[in-house]
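**Student:** Chains as they are written, first to last, in this note's numbering: chain A, 1 to 374; chain B, 375 to 748.
Don't take each hint at face value.
To be verified - Over the 10 Å line for every Cβ pair with chain A, so calculated as not near, a few chain B residues:
| id | residue |
| --- | --- |
| 1 | Leu446 |
| 2 | Gly538 |
| 3 | Ile576 |
| 4 | Phe670 |
| 5 | Ser684 |
| 6 | Glu706 |
What the hints assert, rightly or not - Coverage of chain A stretches by chain B, computed from C-beta distances (three or more under 8 Å per stretch; other residues unrestricted):
| id | segment |
| --- | --- |
| 7 | 88-99 |
| 8 | 159-165 |
| 9 | 299-310 |
| 10 | 318-326 |
| 11 | 341-352 |
Simulated from the structure, these hints should not be mistaken for laboratory data. These numbers were taken from a predicted model, which means no experiment stands behind them. Where a beta carbon is used, it is the ideal one built from N, C-alpha and C, also for glycine.
There are 2 protein chains.
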Amino acid sequence: MTNAPAGPGPLDGEGFSRYQYGDLLRYCCGVLENLDVPADDARHVAECLLYSDLRGVDSHGVIRLPVYARRLQAGVVKARPAVAVERSFGAVALVNGDNGLGPAVGARAMETALEMAAASGIAFAGVRASNHFGAAGYYVQAAVRRGYIGCAVSNAPPNMAPFGGRERFLGTNPIAVGIPAGAEPPLYFDASTSVTARGKIIVAAQRGLDIPEGWAIDPQGVPTTNARQALAGAVLPFGGAKGSAISFLIDILCGVWTGAAFALHLNTLEDLGSVQNVGHVFVALRTDLFLAGGEFGRRMDEILGMLKASKPAPGVERVVVPGEPEAWREAENQALGIPLSPQTVAELVGLGAEVRVEFPPPRAAHCEQKEPSA
Amino acid sequence: MTNAPAGPGPLDGEGFSRYQYGDLLRYCCGVLENLDVPADDARHVAECLLYSDLRGVDSHGVIRLPVYARRLQAGVVKARPAVAVERSFGAVALVNGDNGLGPAVGARAMETALEMAAASGIAFAGVRASNHFGAAGYYVQAAVRRGYIGCAVSNAPPNMAPFGGRERFLGTNPIAVGIPAGAEPPLYFDASTSVTARGKIIVAAQRGLDIPEGWAIDPQGVPTTNARQALAGAVLPFGGAKGSAISFLIDILCGVWTGAAFALHLNTLEDLGSVQNVGHVFVALRTDLFLAGGEFGRRMDEILGMLKASKPAPGVERVVVPGEPEAWREAENQALGIPLSPQTVAELVGLGAEVRVEFPPPRAAHCEQKEPSA
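The shape of chain A in the complex, shown without the other chains:
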């Protein structure tokens, strides 16, 4: 969520190479399948990770594949979970993720919500016994493709201080909403409830750079611009007390309401000795209940057009629709390839060697291969 035009991403920089989407998809699926993940599940996980990379949200992209693999190898995530609707009542279902990979569980639960919403107009699918599910925005695409409004929320391990606090208590609990339009592209809102991704602070610390005020506090609870102090402390919720409350509400819905873990009970992704029991909620809502014959799409086109035509602030080219800059980045990365850092590539090459899946060459190499040989 930025207002900036599509340019180099926050993790873009020197030494980055671009890789074709299809090549990375095959690589990710191959790694997961060789770790005993069924092909359909592997594809959801791979698509979810690459959805983030395409949209420039590198922190939730293929950079996470190694830790997913480590968790499978350590046995704290199941490769072949028995994901099932544990209970259902009216327009609400509880999906038991049986400790499977988050994107495989999440895609199934969003599907359940969509099936129920066809008959009930609205449906809620709560999920317990799941894991880190990557970018929330991945799931709402399935709803939008079928003309539904989709929403996905998840809780997450404590990384963030609540408003007025100094200790990590809240997750960066993400929320995504997708809304189809008529002639206009759909609206995709996808955001964490922190001011900024922790990944950006990690990068700043690696480069010895300061971070802007308001992103984080040090271990004593004092606002800091020192990236290392920030990493030792906690990130802050977006929007002060209001954003802190929204993050807390997401934890209550995903954790308390579903029967999953919540707040300080949630273990981190990096803790290879403990299951996570993450909770999610997926919502599907029909758009054709009150307005006939494409009227919803026409009204969406109107409000999106109004927003884009709203006068910009000084120095801003145009007011953007939520998700619009990420869609520009997606088009660019589909065309030019997904940029990956040398560190990420090295890690993926190593992982591939370990599970006997070759990491693909960068896109430039593809181009060279197409030239006639001398």
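Given chain A, work out where chain B should sit, using these hints.
**Tutor:** Chain B in isolation, oriented as in the chain A frame:
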């Protein structure tokens, strides 16, 4: 939503007198009934306004009764609307407010959502053809009292610039969520999607005070601390791009999805020549679907206790639960009376004289009356 202990409210100050809740309730009901509003509807409107005053959110309290009365007198709001469920499908209903007073329409729609959710677990009641509905938090109380999670959102006329914009486009579209607990008091989150209430800027302008940075922009879109320039310009959404997107999503749900007015189509409360056609959405969700025998309440008590026990930032006494400071204020105002400014009292005395309903004496006068006469 503040983290401050309950103290004098933002509109509290010199010359304020305190009035008993029951006295103000009778006065408000009397005024509305004399303007032909049925007793039940009048009571919802009066309770909604006083809910705000009790909780220290004076901007949405009895200060709004005069403009509600003017709109009834001008015929742009109906005193006796035929509020009805226009359509329903599964767990979703569309309530047509028939241009009645917002709180009367809203209370009826929340009731509809609760009735449907009993059978379907979750229910959405969309509303069109309504009006300004006061504090969103008023409605979710009905859900919490019956053990449901309740949510209320509304769109509102443009007062706020979108992120990256300089023109008023978004309403301060409020959101409220109420969640019952076990032994702990329920959680009530009730917030506008602006950084601050426009009412606070009006007060600052009246007193010739500056406002903090980040609250508003001037008519050229430049951030300003000058209250008068801010009133001529626009308030800003909370949380930058993310809060701006959330406000926009609320307008899409309440306006675009329901068939109500949206964005620049929404007329202000003060425009006595035009109907508003405001849209709302009310959600009711059962808490007993996945957890048996009070387990949800016990888990709520645990997470609320965890939050309160989280270490506070320097200078903060304790981390508070969303809505907790407002609950303290409510207890204080119930005990001591609701403080009203001399200007508000003068306006209400005048309105009362016009419709032949006497405005009550302040609480101190009550106490004096109880003393034995000399």
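**Student:** Looking at B:Gly538 again, its CB stays over 10 Å from all of chain A?
**Tutor:** It is violated; B:Gly538 is separated from chain A by about 4 Å at its closest Cβ, not greater than 10 Å.
**Student:** How about the segment 318-326 of chain A: do at least three of its residues have a C-beta closer than 8 Å to a C-beta of chain B?
**Tutor:** holds (count 4)
**Student:** Can you confirm whether chain B covers the segment 88-99 of chain A, using C-beta to C-beta distances below 8 Å and requiring at least three such residues?
**Tutor:** It holds: at least three residues are needed, and the segment 88-99 of chain A offers 5 whose Cβ sits within less than 8 Å of chain B.
**Student:** In terms of Cβ atoms, is chain A entirely out of 10 Å range of B:Phe670?
**Tutor:** Violated, since 7 Å does not exceed 10 Å.
**Student:** Checking the smallest CB distance to chain A, is B:Leu446 really beyond 10 Å?
**Tutor:** holds, 27 Å
**Student:** Go check the segment 341-352 of chain A versus chain B for me, would you? Three or more residues, Cβ under 8 Å, otherwise it fails.
**Tutor:** With 0 residues close enough to chain B, the hint is violated.
**Student:** Within the assertion that chain B covers the segment 159-165 of chain A, do at least three residues meet a Cβ-to-Cβ distance smaller than 8 Å?
**Tutor:** holds (count 5)
**Student:** Three or more residues of the segment 299-310 of chain A near chain B by CB distance under 8 Å?
**Tutor:** holds (count 6)
**Student:** Would you assess whether B:Glu706, listed as outside the interface, keeps its beta-carbon beyond 10 Å of every beta-carbon in chain A?
**Tutor:** holds, 20 Å
**Student:** If I take the minimum Cβ distance from B:Ile576 to any residue of chain A, is it greater than 10 Å?
**Tutor:** holds, 21 Å
**Student:** When you look at the beta carbon of B:Ser684, is every beta carbon of chain A farther off than 10 Å?
**Tutor:** violated, 5 Å
The structure fails to meet hints 2, 4, 5 and 11 from the earlier list, while all remaining hints are met.
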